[in-house]
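Asker: These two chains come separately, so use the hints to put the complex back together.
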Amino acid sequence: MEARAVIDIDKLNKSFGDNHVLKDFSMKLYKGENLVVLGKSGSGKSVLIKCIIGLMDPDSGTIKVLGEDISDYDRQQLDKMRVKVGFLFQSNALYDSMTVRENLEFPLRRHWMKETQERSEVDALVMDALEDVGLAHTVDMMPAELSGGMRKRIALARTLILKPEIILYDEPTTGLDPITGREISELILEVQEKYNASSIIISHDMNCISITSNRVVMLIDGKCYEEGAFSELRKSKDEKVRNFFISDSSIKDKKDENQTH
Amino acid sequence: MAGMFSILRKSEFLVEVGHIARFAARFFSEGFQPRYEFREFIRQCYWVGYKSLPLVGITAFIMGLVLTIQSRPTLVEFGAESMLPSMVAISLVREISPVITALICAGKIGSGMGAELGSMRVTEQIDAMEVSGTNPFKYLIVTRILATTLMLPVLSSLSNAIALYGGYLGVNIRGAVSWHLYWSQVFDALSYGDLVPSLVKTFFFGFAIGLIGCYKGYYSTKGTEGVGRSANSAVVVASLLVFIIDLIAVQITDLLNLT
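Chains as they are written, first to last, in full-length UniProt numbering: chain G, 1 to 261; chain Y, 1 to 259.
Bear in mind the hints are in silico, worked out from the structure with no lab data behind them. Careful, some of the hints might be misleading.
To be verified - The calculated label-pair distances, taken between Cβ atoms and stated as ranges, are: (1) D128(G) to E225(Y): 37 to 43 Å; (2) V200(Y) to S60(G): 39 to 45 Å; (3) E16(Y) to D128(G): 46 to 52 Å; (4) R26(Y) to Y30(G): 36 to 42 Å; (5) M56(G) to Y192(Y): 51 to 57 Å; (6) G223(Y) to D128(G): 33 to 39 Å.
Said to hold, decoys possible - List time: in silico DSS-like cross-link candidates among lysine-lysine, alpha-carbon distance up to 27 Å: (7) K163(G) to K138(Y); (8) K80(G) to K222(Y); (9) K222(Y) to K40(G); (10) K40(G) to K237(G); (11) K138(Y) to K108(Y); (12) K28(G) to K11(G); (13) K222(Y) to K23(G).
Glycine included, every Cβ here is placed at the ideal spot set by N, Cα and C.
Bound conformation, chain Y alone (with noise of 0.2 Å):
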């Protein structure tokens, strides 16, 4: 009996893999067609790049600080407190700033377009859209899919330059390192084969956040608690994909020998 729940559940997963691939193709066989919605596009933009902004901001900011005040300890036990810039800026660059700034959007953004788009299925906006002449898909889902999948990378490169700036004020609170010192010490630091790979995986990050966002929602079903559910999920799926996007990107980046 439990065998047969287990291969169930097995299957049940399989399907939904199916549907969401199917999704994914739908997006790339009518996203590139006449007619584009520009203007809903540009909307999304602003949505998901600039009301994002203040929350990915802070969260930059504190990270960077807090990273850099709780390397200091180790650093100074090893004599190498003076790497602690290069450090910083390298952890922050090629990983962490990325997958944060990533999983706050799966949070923000992915149960916002969970809820928003069960809730107009729920409600029969969709079909509305359907009857006025719309194509739904293009109009809400294509638009939604390619402003996250550009403005991830541009949130991310944001969230770089501000916790970088919080490691500034870190690695000041207890020591004393010029502006341009720290600067000089970040850039040198890294290099192109940590900046290209870090922005790449975003926009992968990007398109999965708005892939399942809007896959949960346009499939919403069974009224305000499949809104919910579809918001909820919306949410694991999409951050728990951006860990498994996360860890193939390091494994390419490592093979290529990028790093």
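Just chain G, same shape as in the assembly (with noise of 0.2 Å):
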């Protein structure tokens, strides 16, 4: 039996003038399912994200997301659709003037919490939230006062605080250290293990790629050019696949010509 997908894209075109960006291009991510979109920069992955949660408008093609097309939700519909969909932004989008616990309440007050809901319940949702990317202790710092990677963590707490089913994440580790992003990447991992969540990760980073993908979907023309296993893809003998690899064996092999001397 086939696993069910959660988000069935099919067709979709986006242009910006004379870019056509996206090119007919389709893809499904499975329930579950980790799923990494890689490609050069200015290729349309963020634009293909922030098409699916309904930030741009496709000029044709279809989105499905949890069975419903989306193409023609009104603010309404989208807002009710975004609860079920979260995104991580690649500037991670902090509020400057709200403290980490403002931060985290802002989709809870639009989304769900009620004005009579109680002070105590709405803490402890938060608590969890911080607790879950180990941030608890910075519940009243403004976002000024955090560094990089603890900024990257309080936007996935706050993308978390809804229990998405699919998290969207526009380049979670970019801007970051190696060991930063290599906790992060396993943050991801454990988010998805631990919420069920499926997601779909816009990603360069080829160790954020190697941990925290399940299928990788290489979006090169406008179109989904190839699609596989990390692991399959990095021995692929197609050229335009291989270039994305290439740097990275490149650093490993002189790191190993570095250790033998």
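Answerer: Structure, rendered in structure tokens:
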């Protein structure tokens, strides 16, 4: 029996002027899967997930999220859908003028919390989400007081607070040092296991991809050029596919060379 | 070639005016439908009103004092020194105080809004709000425009009072006018025809400052450079609009024979 597709994209097109970013792009995300979308900068990866969450309107094609076509959704329908779909922004997008607690309460207030909701109940949810990312002690700090890695974790906690079924990650390790990047990648994996969430991860970071991915889709020339497990794609003979892994392997080769000397 | 550039520039200007008009229309269509963001509105009133008060107050005080000191020699020349409190009151209340308050707010609030919303745009905070189930236009824009529209008349009224107090001190630097005499001359000189149009135009000043600051910030692009540009052009356009609105308000007041 085939696994259930939680996101089903069919012949998606999106252009900006003469630049056709997505050309008849099709892809499926299955329940419980971590799918990595790999592609060059400007290839339309972020555009793809922004179309899924409804921040951008595609020119044509269909996007089904949890079985429902979102193409003609109005604002209210999109808001309902966004309870089930979390989004981790590349820049973290934490609200600078709010504390960590207020940042986490913000989506709760909007999507779920009633005016009469017990304060203790809200606090418990905030602390749970912060404990999941190991930053409970930062609850009353401002985003400006946090390091890059901590900000990423807080942004992830804010995404998790509504317990979404699907999480979209836009380059989650960009701008982080390799150790913090690895920690974030492992956290993504933990989150997937704990919440049984399905994820689409946009990334160039080979370490992140090797840790998090169950399947990799290569977005080249606006289309799904190749897909498969990370280990399979690394061995691919196709030049366009291999180009993505050359820098990664050449670094490893150089490392090995240095160690033997 | 030069003609073509001129047409292009003109069409860009008209497109910009069209966008601002559409932005204003969106404010009216979305601003009065639930859900209302009261908490954010109160927060913005605090920032726009209370936080601008020291700057507006100090400027108003100096403005009243300087106007009085500068006007005295001319009035003395015509033997009309006793008219000083009346002249200062009418000049301040009708024109100088509302316009200067609006220009200070265009600089402080307009640039602040342009920069804040611009940086929220480039750091994807506005998109994050959208994803969090919040209409960012209502939460960020409607609250800010309403706050400036309602707070500017309050600031302008306080500015009038402080500037007139500065005028009292200015009158007494070289002369001796009692507190009671000064204020009775001021109130004798002022009529509703001076106060009401002056107050009404500050609502429009506030609306224009909020609208332009928000518009420039909300549609900020091109990263940090764009944020700076948004803040800058918010101040320039809002200040220009203050003068244009003032010109229109003066013409209407004159046509209606209110003064």
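Asker: Taking the hints in turn, state whether each one holds.
Answerer: Comparing the hints with the structure gives:
The beta-carbon spacing between D128(G) and E225(Y), approximately 41 Å, falls within the hinted interval of 37 to 43 Å. In this structure the hint that V200(Y) and S60(G) lie 39 to 45 Å apart at CB is violated, the actual value being about 51 Å. The hint said 46 to 52 Å for the Cβ distance between E16(Y) and D128(G), and at roughly 48 Å that hint holds. Between R26(Y) and Y30(G), the C-beta spacing of about 40 Å keeps the proposed range 36 to 42 Å intact.
At about 54 Å, the CB distance of M56(G) to Y192(Y) agrees with the hint of 51 to 57 Å. A C-beta distance of roughly 36 Å is found between G223(Y) and D128(G), which places it inside the suggested range of 33 to 39 Å. Taken as a hint, the K163(G) and K138(Y) pair is honoured in the structure, with Cα atoms around 26 Å apart against an allowance of 27 Å. The hinted pair formed by K80(G) and K222(Y) fails the criterion: a straight-line CA distance of about 31 Å is larger than 27 Å.
Between K222(Y) and K40(G) the CA atoms are separated by roughly 21 Å; this keeps the pair inside 27 Å, and the hint holds. Straight-line distance between C-alpha atoms of K40(G) and K237(G) comes to about 19 Å, which keeps the hinted pair within the 27 Å bound. With a CA separation close to 22 Å, the supplied pair K138(Y) and K108(Y) stays within the 27 Å bound. Between K28(G) and K11(G), the direct Cα distance comes to roughly 12 Å. Compliance with the 27 Å bound is thereby established for this hinted pair.
Under the criterion of a C-alpha separation no larger than 27 Å, the hint pairing K222(Y) with K23(G) is consistent with the structure, at around 26 Å.
This entry does not satisfy hints 2 and 8, going by the numbered hints stated previously.
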